[in-house]
Amino acid sequence: MPSSTSLKQPLSGASQKRLDLLVSLAGLLAMLVSMVVLLLLLAGLVVDGGPYLSWKFFTSYPSRFPEAAGILPAWVGTLLVMTVTAVAAIPLGIAAAVHLEEYAPKNWLTDLIEINMANLAGVPSIVYGLLALSLFVYQLRLGQSILTAGLTLALLILPIVVMTTREALRAVPQSIREAAFALGATKWQTIRHHALPAATGGILTGLILALSRAIGESAPLMTIGALSFIAFLPHEPWRPDFPFVSFEWLLDPFTVMPIQMFNWVSRPQEAFHMKAAGAGLVLMAMTLAMNGLAIYLRARHRKRIQW
Amino acid sequence: MVNCPAVPVNSPPAIKAEVKQLSFYYGAAQALRGINLVIAGNQATALIGPSGCGKTTCLRCFNRMHDLYPGNRYDGQIVLYPERVNILDPSIDPLAVRMRIGMVFQKPNPFPKSLYENVAYGLRIRGVNQRSRLDDKVEQALREAALWNEVKDRLHEPAFHLSGGQQQRLCIARALATDPEFLLFDEPCSALDPTATARIEELLADLKQRITILIVTHNMQQAARVSDYTAFMYQGQLIEAGKTETIFTNPANKLTEDYVTGRFG
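In the order they appear, the protein sequences are chains R and X.
Under the numbering used here, residues 1073 to 1379 are what the first sequence spells out, in order.
Under the numbering used here, residues 70 to 334 are what the second sequence spells out, in order.
By construction, these hints were calculated from the structure, which means they are not laboratory data.
Since this is a predicted model, take the numbers as computed values, not measurements.
Quick reminder that beta carbons are idealized off the backbone N, C-alpha and C, glycines included.
A portion of the hints provided could be inaccurate.
[To be verified] Chain X side only, calculated, beta carbon under 8 Å to chain R, not exhaustive:
1. M134
2. G171
3. K176
4. R243
[What the hints assert, rightly or not] Calculated Cβ distances over 12 Å to all of chain R for the following chain X residues:
5. K89
6. S92
7. R102
8. G103
9. P119
10. V148
11. S201
12. R202
13. R223
14. T266
[As the list claims (entries may be wrong)] Covered by chain R, according to a simulated footprint, are these stretches of chain X (three or more residues, beta-carbon under 8 Å):
15. 156-169
16. 185-197
Sequences are here, hints too, so could you generate the full structure?
Here it is as C-alpha cells:
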C-alpha cells in the first residue's frame, strides 16, 4: 500500500512543476501566434483572390480592365524561367558538390570555398540581379530574356544546391563506400553506384527547396529588366519542320508570377488588388506542390534506403 | 621483440603472404612498428591483441584500404605469393590488390540494394553482365556462404530485410562472388549473437580449404577455434606468432601469456 507521505512532492518540486507548465504554455502561445498569423494571411488571400480563380484567369493576358486581366504570360514565364534555372543549376550544382565532397583534397582552399559557399547562399537576391545585369545583359548580350532570368536564378540557388548535395553525400555511411572499394570498385564507380543513389533523397529535397525559393523571387528579375506588363507569349518551343524543337523562346522577353502580382498591387484600382491575391494563391499552390513533392520523394526514398 | 614467423619459410603449407618490416603512419602517429609475419596459404591466421594494438590497421594494409584517406603512409613490404610482388609498392594499383584480396567488415554493411545485386556487384564492376553467368555465380557464392537455402526465394528483396547474421553472411557471399584467393575479416562476429557467430565460424572452417584467411578478433576463444596460426600484437608491434595451440598453451613471451590467460586486455 503506497503511503501518502512518499507520494507528496517536496516544496521546491511543486514550484519547478509550475515553471514547467508555464514554459510549455508560453511555447504553445508562441506557436499559436505564428500559426494564426499564417492562417489569417492565407484566409485573406482565399477570400480576396479565391473568387477570381477561373479558367479565364489562367488563359487571359493582362489588361487595363481588371475584369479581363489574367495571368497567362506570368505562369508561362515562371514555368519557362524555372526550366532554364533547373537545367542550368542542377547538373552544375551536383557536379560541383561531388567534386568538393568526394574528390577535392581537404585543405585551406576547400575550407575557404566551403565558407564562401555558405556566405553566397546568404547574399541578398538583388545583388545577384546586379551581377546578372552586368554579366548576362551587358557583357554576354543575352538581352532581358528568359535565358538571362533563368541563369540569374540559377546563380542564386547554386550555393544552396551545392550545400544540400554535399550534406546528402556526407550522410552516406563510409562503411558503404568501403564495402564498394573493398570489392575493387573505382572512386567513380563508388560514387555513381552507391554514394549518389543513397544520397538521392536528400539531393532531391534540396533541389526542390532551392527551386521553390527561386520561384518566388522578383527583385533580381526586375533588376535585369523583366517586363511587368506583357500581352504576348514567348515563341513556341517546338516547330513543324526539322529539328522540331526551337530555342527562340530563350531570348524572348518575359514576366513571372511575383512581378505580375507586384504590378497589380501597385495599381490604384481595388479590383486589381483582388487579382493580385488570386495570383498569390496560384503562386502559393505552385510552391506548396513543389514542397509536397520534396516531402513525398524523401519519404519514398527513406523507405527504400536503410542502413 | 621476438618476431618469429608463423610458418618457417620453404615448408608446407605454402606461403600466401609475407609481411616484412611493416610500419604504418596515420599522419605523424605511428600505428605499426616493424611487423614481420608470414601468412600461410589456405590456412586461417588470427590477429589478436588488446584494443588499439594495431591489428585492424595491419589487416587494412593487406587490401590498401588506408589509401582511401589522405595522410597515411606505409613503410616496409607485404609480399604476395606466388608472384612475390610487394602489394604496398606505390606502383601497384590498389584496385588490382582489392581484385584479389577481399574483405569482410566488423559491422555487416550490405549495399541498400537487393540480395542479388549485393552479391553480383563485384562481378558487375569486373564487366560481367551476362545474366546466366551472374545467376550462376550469385547462387554459388550464396551456397558457399551457407545462405542460399534461407534466401533463394527472395533474392530480389532488399538486403536489410535479413537478420544481422544473415547480412554478415551476405557480405561474405559478396566477397566470395569474385573468387578471391585471400579474405580479410575484421572482427566479423563482434556485432552478432552466439548462434550467428557459430555459423560464421563454421563457414570460416569451410572457406579456408581453398582461401587464405586473415582474421582480426577480440575474442580469444574464437581465435582458438577458427585459426591455425595466431599472431599477438601489442602497441603496434608483433609480440609473438606461431601455431595457435602453441600461442595459447605454451607462449614464449610473458606478455602473450598474460594476454591469452586474460590477465589484461
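Distal placement of V148 of chain X relative to chain R, Cβ over 12 Å | holds, 20 Å
Can we trust that K89 of chain X is non-interface, i.e. its beta-carbon lies farther than 12 Å from all of chain R?
-> At about 24 Å from chain R, K89 of chain X clears the 12 Å cut-off, so the statement holds.
Can you take a look at whether the region 185-197 of chain X is actually covered by chain R? Rule is 3+ residues, C-beta closer than 8 Å.
-> Since 4 is at least three, the answer is holds.
Against chain R, run the beta carbon of M134 of chain X and see if the smallest gap drops under 8 Å.
-> Holds - the Cβ of M134 of chain X comes within 8 Å of chain R, reaching about 7 Å at its closest.
Does the claim that T266 of chain X lies off the interface hold, with its Cβ farther than 12 Å from every Cβ of chain R?
-> holds, 20 Å
Beyond 12 Å from each Cβ of chain R, as asserted for R102 of chain X | Since the minimum Cβ distance to chain R is about 25 Å, R102 of chain X lies beyond 12 Å and the statement holds.
Closer than 8 Å between Cβ atoms is the bar; does G171 of chain X clear it against chain R? Give me holds or violated.
-> holds, 7 Å
Please confirm whether R223 of chain X is truly not at the interface, meaning its C-beta sits more than 12 Å away from all C-beta atoms of chain R.
-> holds, 16 Å
Consistency of the no-contact label for S201 of chain X, given chain R and a CB cut of 12 Å | holds, 21 Å
Regarding the hint that K176 of chain X lies at the interface with chain R, is the smallest CB-CB distance below 8 Å?
-> OK, holds: K176 of chain X within 8 Å of chain R, min 6 Å.
Would the stated hint for R243 of chain X survive a check requiring a Cβ distance to chain R of less than 8 Å?
-> holds, 7 Å
S92 of chain X clear of chain R by more than 12 Å, beta carbon to beta carbon?
-> The claim stands: S92 of chain X keeps its Cβ more than 12 Å from every Cβ of chain R (closest is about 23 Å).
Checked against the numbered hints above, the structure violates none of them.
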